[in-house]
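Peer 1: What follows is each chain in one-letter form.
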Amino acid sequence: GIQVEQSPPDLILQEGANSTLRCNFSDSVNNLQWFHQNPWGQLINLFYIPSGTKQNGRLSATTVATERYSLLYISSSQTTDSGVYFCAVLGQGGSEKLVFGKGTKLTVNP
Amino acid sequence: DGGITQSPKYLFRKEGQNVTLSCEQNLNHDAMYWYRQDPGQGLRLIYYSQIVNDFQKGDIAEGYSVSREKKESFPLTVTSAQKNPTAFYLCASSAQTVLYGYTFGSGTRLTVV
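Protein chains in written order, with the working numbering: chain A, 2 to 111; chain B, 2 to 114.
Hint data in this document are derived by calculation from the structure and do not stem from the laboratory. Ideal placement from N, C-alpha and C gives every residue a C-beta, glycine not left out. Any given hint might turn out to be false.
[As the list claims (entries may be wrong)] With a cut-off of at most 25 angstroms between alpha-carbon atoms, the simulated DMTMM-like pairs for lysine to aspartate or glutamate come out as follows: (1) Lys55(A) / Asp55(B); (2) Lys55(A) / Glu68(A); (3) Lys58(B) / Asp28(A); (4) Lys106(A) / Glu16(A); (5) Lys55(A) / Glu6(A); (6) Lys98(A) / Asp39(B); (7) Lys10(B) / Glu16(A); (8) Lys58(B) / Asp31(B); (9) Lys103(A) / Asp55(B); (10) Lys58(B) / Glu73(B); (11) Lys10(B) / Glu25(B); (12) Lys15(B) / Asp55(B); (13) Lys58(B) / Glu6(A); (14) Lys72(B) / Glu16(B); (15) Lys98(A) / Glu73(B); (16) Lys106(A) / Asp82(A); (17) Lys103(A) / Glu63(B); (18) Lys10(B) / Asp60(B); (19) Lys10(B) / Glu63(B); (20) Lys98(A) / Glu16(B); (21) Lys106(A) / Asp31(B); (22) Lys98(A) / Asp31(B); (23) Lys103(A) / Asp11(A); (24) Lys98(A) / Glu63(B); (25) Lys98(A) / Asp55(B); (26) Lys15(B) / Asp31(B); (27) Lys103(A) / Glu73(B); (28) Lys84(B) / Glu73(B); (29) Lys98(A) / Glu70(B); (30) Lys55(A) / Asp11(A); (31) Lys84(B) / Asp31(B); (32) Lys55(A) / Asp82(A); (33) Lys98(A) / Glu16(A); (34) Lys103(A) / Asp28(A).
[To be verified] Far from chain B, by Cβ distances over 12 angstroms, these chain A residues were calculated: (35) Leu12; (36) Ser27; (37) Asp28; (38) Gln38; (39) Asn46; (40) Glu68.
All chains, please: the whole structure from these sequences, using the hints.
Peer 2: Next comes the structure, spelled out in structure tokens:
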């Protein structure tokens, strides 16, 4: 099945810093989502982005489907950005299952 | 407000017991999913259902069972056959698997005592 790798596994920032999280996937995809899991376990959908670029406030994401990767940018990070960021993909070829990477754990210090 | 409700938030199970986790959605979504998350790990798919009265096994279905008698409900039973059930369980739904994103519930944390 399709493989999803996220990097880095851990990231520590000072408040106000910018960061880039990466998601590589092994095959063509129909669906790619970025999620933020807060300290209470809730998964929040950040972007649905199988291709192209989207922005939402301080967050933006770019997926280059032909090169099989997606990037999540966080600018001017805040302590509330802390948590785990997951990339999840739905492969082409009839797959009905969203496959998750292992996540990037982000800690933003004041 | 539309959303997904999981209950209970915390659940304790004794060895040898079956327990059922509830998942209800009022988003009118066709598809529903159950994922398991272990500490420091990503999410792994247990079962999913695309229509009422139909469901398929995911990657780690052994020791679990589900039903989909109503569109809005997809309960998960953790049976005594599941040898390591302590985990965080997340339910999700989507309108269509390909074109739309997933919405997740807030999860149930199950602990074996």
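Peer 1: So, for every hint listed, does it hold in this structure?
Peer 2: Hints versus structure:
1. Lys55(A) / Asp55(B): Not OK: Lys55(A) and Asp55(B) at ~35 angstroms, beyond 25 angstroms, violated.
2. Lys55(A) / Glu68(A): holds, 18 angstroms
3. Lys58(B) / Asp28(A): holds, 22 angstroms
4. Lys106(A) / Glu16(A): holds, 15 angstroms
5. Lys55(A) / Glu6(A): holds, 21 angstroms
6. Lys98(A) / Asp39(B): holds, 19 angstroms
7. Lys10(B) / Glu16(A): violated, 31 angstroms
8. Lys58(B) / Asp31(B): The given pair, whose Cα atoms are some 17 angstroms apart, holds under the 25 angstroms limit.
9. Lys103(A) / Asp55(B): violated, 29 angstroms
10. Lys58(B) / Glu73(B): Since the Cα atoms of Lys58(B) and Glu73(B) sit roughly 19 angstroms apart, the hinted pair holds (cutoff 25 angstroms).
11. Lys10(B) / Glu25(B): holds, 13 angstroms
12. Lys15(B) / Asp55(B): Cα-Cα ~30 angstroms, so violated.
13. Lys58(B) / Glu6(A): holds, 24 angstroms
14. Lys72(B) / Glu16(B): Given pair Lys72(B), Glu16(B) is violated - Cα atoms ~32 angstroms apart, limit 25 angstroms.
15. Lys98(A) / Glu73(B): With a Cα-Cα distance of about 19 angstroms, the restraint between Lys98(A) and Glu73(B) holds, given a limit of 25 angstroms.
16. Lys106(A) / Asp82(A): holds, 10 angstroms
17. Lys103(A) / Glu63(B): holds, 22 angstroms
18. Lys10(B) / Asp60(B): holds, 24 angstroms
19. Lys10(B) / Glu63(B): Distance ~23 angstroms between Lys10(B) and Glu63(B) Cα, so the pair holds.
20. Lys98(A) / Glu16(B): With a Cα-Cα distance of about 31 angstroms, the restraint between Lys98(A) and Glu16(B) is violated, given a limit of 25 angstroms.
21. Lys106(A) / Asp31(B): Given that 25 angstroms is the threshold and the Cα spacing comes to 32 angstroms, the pair is violated.
22. Lys98(A) / Asp31(B): Holds - the C-alpha atoms of Asp31(B) and Lys98(A) are around 14 angstroms apart, at most 25 angstroms.
23. Lys103(A) / Asp11(A): holds, 11 angstroms
24. Lys98(A) / Glu63(B): holds, 17 angstroms
25. Lys98(A) / Asp55(B): The given pair, whose Cα atoms are some 15 angstroms apart, holds under the 25 angstroms limit.
26. Lys15(B) / Asp31(B): violated, 34 angstroms
27. Lys103(A) / Glu73(B): violated, 29 angstroms
28. Lys84(B) / Glu73(B): violated, 29 angstroms
29. Lys98(A) / Glu70(B): holds, 21 angstroms
30. Lys55(A) / Asp11(A): holds, 24 angstroms
31. Lys84(B) / Asp31(B): violated, 31 angstroms
32. Lys55(A) / Asp82(A): holds, 18 angstroms
33. Lys98(A) / Glu16(A): Given pair Lys98(A), Glu16(A) is violated - Cα atoms ~36 angstroms apart, limit 25 angstroms.
34. Lys103(A) / Asp28(A): holds, 17 angstroms
35. Leu12: holds, 15 angstroms
36. Ser27: At roughly 15 angstroms from the nearest Cβ of chain B, Ser27(A) sits farther out than 12 angstroms, so the non-interface label holds.
37. Asp28: holds, 15 angstroms
38. Gln38: violated, 9 angstroms
39. Asn46: Given a closest Cβ separation of 5 angstroms, the condition is violated.
40. Glu68: holds, 21 angstroms
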